[in-house]
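Asker: Sequences are here, hints too, so could you generate the full structure?
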Amino acid sequence: GSVVTVDNGGPFAADKSYLLWGNNGQAASYGAGYTPNSFIPAAGYFRMNRVWKVAETGTVGAVNVMHPTADHLLVSSDPTFAGGVTEVALSGGSATVDFTNGQYFTFGKELTAPGGVAGNLQFWAKANAGAEDNGAAAADGSLVDLWRDQSGNDRHASQGNIAKQPTFVDGAWANFNFNPTIDYPESQDELVTPLDINAITAGFDPLTAFIVYELDTGTGAIGLWGNDTFGDRWVGATHYGNGGGNAPYSGGNTTGTPLVHTTRFEHASATGASIYVNGERLVNNAAINDHNTGATSTAIGGVGPNRADWTFDGRIAEVAFYDTELTPTQRQQVETYLALKYGVTLDTTDNDGTIVEGDYVAPDGTQVWDSAANSAYHNDVAGIGRDDAEALDQQKSKSVNSDSVVTIDSGGPLAADKSYLLWGNNNAATTLSANYDGGTNNRLARVWKVAETGTVGPVKLILPRSVAPGTGLRSLLVHAGDPTFGTVDRAYALTVSGGNYEVMVDFNDGDYFTFASTTAAPEIDVAPGSIDFGTVETGSTSPAQAVTIQNLGDVSLSISAISLSGADAGQFAISSNDCGASVSAGASCTVQLTFSPTASGSRSALLVISSDDSDEGTINVALIGATPGSSGGGTGTLDQYNLAVTKSASVSVATVGVPFTYTITVLNKGTIAASNVVMTDQLPAGVTFGSANATDGGSCNESSGTVTCSWASLTGGASATVTITVTP
46 GSVVTVDNGG
56 PFAADKSYLL
66 WGNNGQAASY
76 GAGYTPNSFI
86 PAAGYFRMNR
96 VWKVAETGTV
106 GAVNVMHPTA
116 DHLLVSSDPT
126 FAGGVTEVAL
136 SGGSATVDFT
146 NGQYFTFGKE
156 LTAPGGVAGN
166 LQFWAKANAG
176 AEDNGAAAAD
186 GSLVDLWRDQ
196 SGNDRHASQG
206 NIAKQPTFVD
216 GAWANFNFNP
226 TIDYPESQDE
236 LVTPLDINAI
246 TAGFDPLTAF
256 IVYELDTGTG
266 AIGLWGNDTF
276 GDRWVGATHY
286 GNGGGNAPYS
296 GGNTTGTPLV
306 HTTRFEHASA
316 TGASIYVNGE
326 RLVNNAAIND
336 HNTGATSTAI
346 GGVGPNRADW
356 TFDGRIAEVA
366 FYDTELTPTQ
376 RQQVETYLAL
386 KYGVTLDTTD
396 NDGTIVEGDY
406 VAPDGTQVWD
416 SAANSAYHND
426 VAGIGRDDAE
436 ALDQQKSKSV
446 NSDSVVTIDS
456 GGPLAADKSY
466 LLWGNNNAAT
476 TLSANYDGGT
486 NNRLARVWKV
496 AETGTVGPVK
506 LILPRSVAPG
516 TGLRSLLVHA
526 GDPTFGTVDR
536 AYALTVSGGN
546 YEVMVDFNDG
556 DYFTFASTTA
566 APEIDVAPGS
576 IDFGTVETGS
586 TSPAQAVTIQ
596 NLGDVSLSIS
606 AISLSGADAG
616 QFAISSNDCG
626 ASVSAGASCT
636 VQLTFSPTAS
646 GSRSALLVIS
656 SDDSDEGTIN
666 VALIGATPGS
676 SGGGTGTLDQ
686 YNLAVTKSAS
696 VSVATVGVPF
706 TYTITVLNKG
716 TIAASNVVMT
726 DQLPAGVTFG
736 SANATDGGSC
746 NESSGTVTCS
756 WASLTGGASA
766 TVTITVTP
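Counting from 1 along the sequence shown, just add 45 to a position and that's the residue number in this note's numbering.
What the hints contain is simulated information worked out from the structure, not anything from laboratory work. There is no bait here: all hints are sound.
Cut-off 27 Å, straight-line C-alpha distance, at most; resulting in silico cross-link-like pairs (DSS-like, lysine-lysine): (1) Lys443 <-> Lys494; (2) Lys441 <-> Lys505; (3) Lys505 <-> Lys463; (4) Lys494 <-> Lys441; (5) Lys505 <-> Lys443; (6) Lys441 <-> Lys463; (7) Lys443 <-> Lys463; (8) Lys692 <-> Lys714; (9) Lys505 <-> Lys494; (10) Lys61 <-> Lys98; (11) Lys494 <-> Lys463.
Since the structure is predicted, the reported quantities are computational estimates derived from the model, not experimental observations.
Answerer: Printed below as a string of structure tokens:
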């Protein structure tokens with residue numbers, strides 16, 4: 046078990062000189078976290094659990110301390126290495142140091158490990174790194190003959206029989222939360238690693254095993270992993286075994302969704318094994334111990350060639366084995382890493398009094414999701430994050446749960462280590478059934494809460510357009526402290542991209558967010574814009590023609606007046622009006638009009654509709670008619686000015702931070718010039734004014750969010766345009 050060599054490099058200079066050393070008997074593995082004081086590691090950094098103490102007599106001087114895998118020799122007068130540590134880099138496996146009597150030394154190494162738990166890690170394989178086909182990185186659809194061990198122990202899993210090689214898959218149908226997987230059909234496919242999970246002592250060997258998988262078939266004998274000889278230790282999705290027997294359990298054979306499966310074996314008890322799925326303990330104090338027939342390898346995706354009936358049908362993404370019983374905290378750190386990476390929600394059932402189940406805990410012990418504080422939002426928990434100690438670089442994430450709808454994408458690696466953004470929701474309906482800003486049923490009932498650790502920065506939030514397909518969504522709402530959104534905090538316009546809504550947002554820790562159909566406001570629409578009654582005999586009345594007033598907004602539209610104006614207003618009549626004083630959101634009403642000429646000739650008037658629409662407070666509908674023999678009817682002309690306003694935008698949905706323009710056209714439908722024309726426009730909520738420019742000699746200015754443009758005269762039949770630039 047000795048792993049260190051010390052070489053004086055030649056004869057001692059002084060007689061009666063000695064240097065002796067011994068160790069504390071701990072594992073010679075890098076299981077203790079350590080923060081270097083003379084350099085910044087690119088990944089996680091760990092020191093050995095094994096610590097040596099030196100005793101020097103006389104004068105020994107500098108010696109060479111050798112270790113084949115270490116990065117640094119750590120020397121201190123403190124056996125815990127909490128301070129005063131000298132860090133000496135090894136070169137060619139050797140470091141030179143002049144010890145002082147009574148000093149302690151150990152070795153340090155830059156490592157990554159699941160959950161940052163590096164101690165006693167014996168095998169670690171993940172589909173997004175190290176899957177190979179004939180010496181090359183596996184591509185989508187290629188067979189896998191080698192799955193490289195990421196633990197540093199070089200226990201690579203392999204399969205030389207092409208008929209038993211699984212397939213590497215990297216596509217939407219097979220990925221777990223945007224991560225590739227290895228696909229096992231329902232056959233005898235399996236990869237085998239030279240790892241003896243019964244190797245320590247016969248009887249009660251400690252072990253903790255993790256595997257992330259999704260089943261296509263959840264019935265029958267389903268093998269997950271096991272020793273490569275009949276009767277040794279093995280675990281399946283429906284049964285576990287030892288000594289040639291097996292026992293059933295429930296909860297490991299759910300199909301169609303990834304599962305984080307953990308098996309823990311105690312060292313001191315024949316009935317000390319437990320099985321967890323997504324953090325929930327399903328089996329406790331079970332007898333899953335060694336039969337130890339001498340097998341020295343472990344199958345992944347099966348339980349060995351002598352158990353051909355225990356096949357696996359589905360996909361596996363990641364596997365890790367520790368030759369120790371991890372503590373509940375260590376297990377939670379590994380499960381956090383796997384759950385966040387693969388979009389799995391950890392269960393909150395209380396299994397152990399020493400941890401809070403459902404918490405997500407980073408390698409350094411930081412709580413990145415507090416399941417108790419966020420209990421109302423512990424549904425469809427997902428996250429993005431970077432943590433170098435566990436090689437976590439999850440840039441895009443969506444919960445794998447079937448009712449999850451939100452995806453968040455950082456668009457690239459996060460700039461800072463130890464940065465996380467997690468979110469969960471209140472499990473309410475994804476329908477427009479909640480009220481916002483005075484509106485009715487204008488926001489989603491589902492509300493999300495975010496937890497940010499470190500520095501994440503702006504992210505892209507993606508939501509399918511199939512959510513609220515009829516009405517459509519327009520805004521992302523974010524509030525720092527009110528999940529009911531009783532007041533307006535921050536609103537961001539959504540952009541349509543194919544079948545999705547997208548928006549960029551920089552969340553703060555503790556923010557709530559949801560989505561709304563529009564900013565709450567009425568929006569009038571009147572059709573048609575003009576009516577030609579044709580020719581009507583003097584003293585007769587035309588058939589009624591309808592004008593429809595519709596409220597396209599999401600709050601009630603107030604109608605202050607509907608009237609006729611113009612020199613010939615008496616020749617036209619409102620025969621019926623069912624509009625009343627208001628029009629509800631989404632509703633419409635109708636005004637019926639007739640033409641009754643009292644003398645020959647062409648006649649014209651305006652139907653004037655006044656409402657509380659912010660940018661179209663008054664709308665005029667042109668009315669014309671004539672008597673037979675006159676120049677009117679279908680070719681009649683207005684004998685007065687008639688102004689109409691239309692508005693269009695350069696984009697259908699705006700993007701936060703990206704300027705856009707919208708154009709207002711002022712048209713004089715009449716035949717005479719309109720003098721001193723003034724147009725006002727209230728800027729949309731949440732935008733910053735940039736510029737406003739008018740054609741045809743007009744001038745514009747902006748004040749307190751209102752753009753005012755004016756023209757000295759607008760000729761009959763002419764139009765002028767105003768181009769306004771704003772930034773959301």
